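Visitor: If you're matching them up, the sequences are chains F and Y in order.
Each residue of the first sequence is one higher than the one before, starting from 0 at the first, in numbering that gives the first Met the number 0.
Each residue of the second sequence is one higher than the one before, starting from 0 at the first, in numbering that gives the first Met the number 0.
Since the hints were derived computationally from the structure, they do not count as laboratory data.
Owing to the predicted nature of the structure, the values given are computational and were not obtained by experimental measurement.
Backbone N, C-alpha and C define an ideal beta-carbon position, used for all residues, glycine too.
Certain hints may be false.
So the derived list for chain F, only partly shown, Cβ under 10 Å to chain Y, looks like this [claimed, not checked]:
#1 Ala34
#2 Ser67
#3 Tyr98
#4 Leu141
#5 Leu166
#6 Glu197
Covered by chain Y, per the in silico footprint, the following chain F stretches (three or more residues, Cβ under 8 Å) [to be verified]:
#7 18-29
#8 154-161
Residue-level listing of the chains:
Protein chains: 2
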Amino acid sequence: MSDTPAQAPSDRTRVVRYNWLARYDRQTVEAILDATPLAHVGCMMNGVPFVTPTFFWREGDRVYWHGSTAGRMFKALESQDICLTVSLLDGLMLARSAYNFNCNFRSVMVVGRARLISDAEEKREKLRTFVNSLIPGQWERLRPAHDKEITATAIAWLPLDEASCKLRSGPPEDDDEDYAFPAWAGVIPIRYQVLPPEADPRNTAGIEMPADVSRFTLG
Amino acid sequence: MSDTPAQAPSDRTRVVRYNWLARYDRQTVEAILDATPLAHVGCMMNGVPFVTPTFFWREGDRVYWHGSTAGRMFKALESQDICLTVSLLDGLMLARSAYNFNCNFRSVMVVGRARLISDAEEKREKLRTFVNSLIPGQWERLRPAHDKEITATAIAWLPLDEASCKLRSGPPEDDDEDYAFPAWAGVIPIRYQVLPPEADPRNTAGIEMPADVSRFTLG
Ligand SMILES: Cc1cc2nc3c(=O)[nH]c(=O)nc-3n(C[C@H](O)[C@H](O)[C@H](O)COP(=O)(O)OP(=O)(O)OC[C@H]3O[C@@H](n4cnc5c(N)ncnc54)[C@H](O)[C@@H]3O)c2cc1C
Ligand SMILES: Cc1cc2nc3c(=O)[nH]c(=O)nc-3n(C[C@H](O)[C@H](O)[C@H](O)COP(=O)(O)OP(=O)(O)OC[C@H]3O[C@@H](n4cnc5c(N)ncnc54)[C@H](O)[C@@H]3O)c2cc1C
Ligand code: HEM
Ligand code: HEM
Chain F
0 MSDTPAQAPS DRTRVVRYNW LARYDRQTVE AILDATPLAH VGCMMNGVPF VTPTFFWREG
60 DRVYWHGSTA GRMFKALESQ DICLTVSLLD GLMLARSAYN FNCNFRSVMV VGRARLISDA
120 EEKREKLRTF VNSLIPGQWE RLRPAHDKEI TATAIAWLPL DEASCKLRSG PPEDDDEDYA
180 FPAWAGVIPI RYQVLPPEAD PRNTAGIEMP ADVSRFTLG
Chain Y
0 MSDTPAQAPS DRTRVVRYNW LARYDRQTVE AILDATPLAH VGCMMNGVPF VTPTFFWREG
60 DRVYWHGSTA GRMFKALESQ DICLTVSLLD GLMLARSAYN FNCNFRSVMV VGRARLISDA
120 EEKREKLRTF VNSLIPGQWE RLRPAHDKEI TATAIAWLPL DEASCKLRSG PPEDDDEDYA
180 FPAWAGVIPI RYQVLPPEAD PRNTAGIEMP ADVSRFTLG
């Protein structure tokens, strides 16, 4: 397989619409995945391609997510190909024509066959990585996880083999003849804002907030 | 059908996991849908339940979204049931145990059979509503849409008949025996931030930004 950024890893991941916004290189895939912990997973259940919002984390060339071992998604996903999508809305773009309205965004779609992790020690290790990917060192500060909690937790993963990205940034693009039209055009930038952490009123006296908690960012 | 908030509109929309967070009443559905223009649509295409990030808007008891009449989703969606999910991440919740980590969120899943709008005048009217739902009055300020632009645009809609919500807010919930454990617990609030609009450098001289542009909010 070639290194060319414009080379899709498979037919079903080749961007067709607005394909000049497409990227397939691992660096871009990872940069978008690492910018947010929120994904939407598409999985056929009960005859419907349900879209489930879920946290995810990345380790090397895999994305992981977790839930209940009793959850319907974790029962359904090993017998079908699924899609995990991550998207970031970076701005609303106002053009001079309605047709050229658009948005600035970054998105990744990963498709493939997910696998579940069954080994308890491996699950514990993955959950540690999950927690610490959000707040470094936090796992070690917590009440240690009970075995039955690990048992109750399902962890799925998808390889990043079939991933595609789309990215749009910058000002609006109007048709040449429309630039003279007297409508205001521009971008309204949008991003996530992380507000100061709020301590649980039930925290025991004298507990200090770990510095890593206040360093949490996303977007 | 009963007015009880806890009454799901159908079997496949009845929340099973963490069902104490469920709501099905129209007021809650609309409040969440009206808080953001971004949805993720699940549609089976090419054997995969693809999740497509897309703008949507609500009119009464329907959600609408748009794209290319040549797009694969608009060709696929009338022959299957699909799912449109809207989610808002409101905060990261740190508990004293990893198992009780969670997030504050609002989400809606709408399932059903989508329909396409074919009538050109109806499409034009819907697109006007779409643009003006983001920036009131903006459609009237734009270069009028050409007929071929309307023809190139597909619009799909789903009824809100089968919609479910999940909402979580407030501080973390730990097991009783864990409240004495000396780990910092609390919430990191997250929201969308809308930054000041940036004018297109190619705007014609003397064009002023409409006041409604600077009033745009989401979340
Ligand atoms: C925040 C946001 C808002 C959007 N709003 C709209 C909207 O209102 N209307 C609209 O038409 N489109 C919108 N898009 C783009 C949309 O997600 C699709 O890219 C587009 O609709 C084309 O879909 P398709 O299935 O026809 O693509 P195709 O190009 O036919 O898809 C082929 C392959 O390209 C890849 N691909 C397609 N889309 C994406 C993507 N977004 N990210 C990564 N890989 C992708 C996948 O591997 C897919 O299998 C939005 C995207 C984002 C991130
Ligand atoms: C921002 C965010 C992050 C999340 N992170 C995680 C995570 O990391 N792990 C995890 O397990 N779950 C997470 N969830 C919850 C997740 O979306 C599901 O609700 C949960 O996983 C149960 O899925 P299920 O298919 O087993 O649900 P079931 O309860 O079996 O689903 C039955 C029906 O309930 C309704 N329903 C289910 N989930 C939702 C929802 N979110 N919104 C509206 N209606 C719904 C649908 O109609 C569905 O058909 C997150 C939700 C949000 C909004
Ligand atoms: C109101 C604000 C609007 C926003 C935020 C918006 C946003 C978008 C986005 C993000 C895309 C996807 C581009 C891509 O694939 O990367 C898109 C596609 C499209 N939009 Fe809009 N749009 C808006 C209004 C309109 C209107 C009013 C029309 C028609 C008059 C229109 C016609 C189209 C068409 C035809 C496509 C498909 C392009 C293609 O795949 O070739 N849009 N829009
Ligand atoms: C790291 C941060 C974590 C976050 C942000 C998080 C978030 C969530 C969310 C939002 C849900 C869905 C609840 C619902 O359905 O409304 C969930 C479910 C679940 N989480 Fe986590 N979680 C985290 C870590 C963990 C860890 C470390 C474990 C195990 C030790 C765990 C075990 C579970 C289980 C078992 C469920 C399923 C609950 C059920 O459906 O009954 N989580 N988590």
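Visitor: If a hint holds in the structure, say so; if it doesn't, say that too.
Guide: Hints, verified against the model:
{"no.": "1", "hint": "Ala34", "verdict": "violated (13 Å)"}
{"no.": "2", "hint": "Ser67", "verdict": "holds (6 Å)"}
{"no.": "3", "hint": "Tyr98", "verdict": "holds (4 Å)"}
{"no.": "4", "hint": "Leu141", "verdict": "holds (5 Å)"}
{"no.": "5", "hint": "Leu166", "verdict": "violated (12 Å)"}
{"no.": "6", "hint": "Glu197", "verdict": "holds (5 Å)"}
{"no.": "7", "hint": "18-29", "verdict": "violated (count 0)"}
{"no.": "8", "hint": "154-161", "verdict": "violated (count 0)"}
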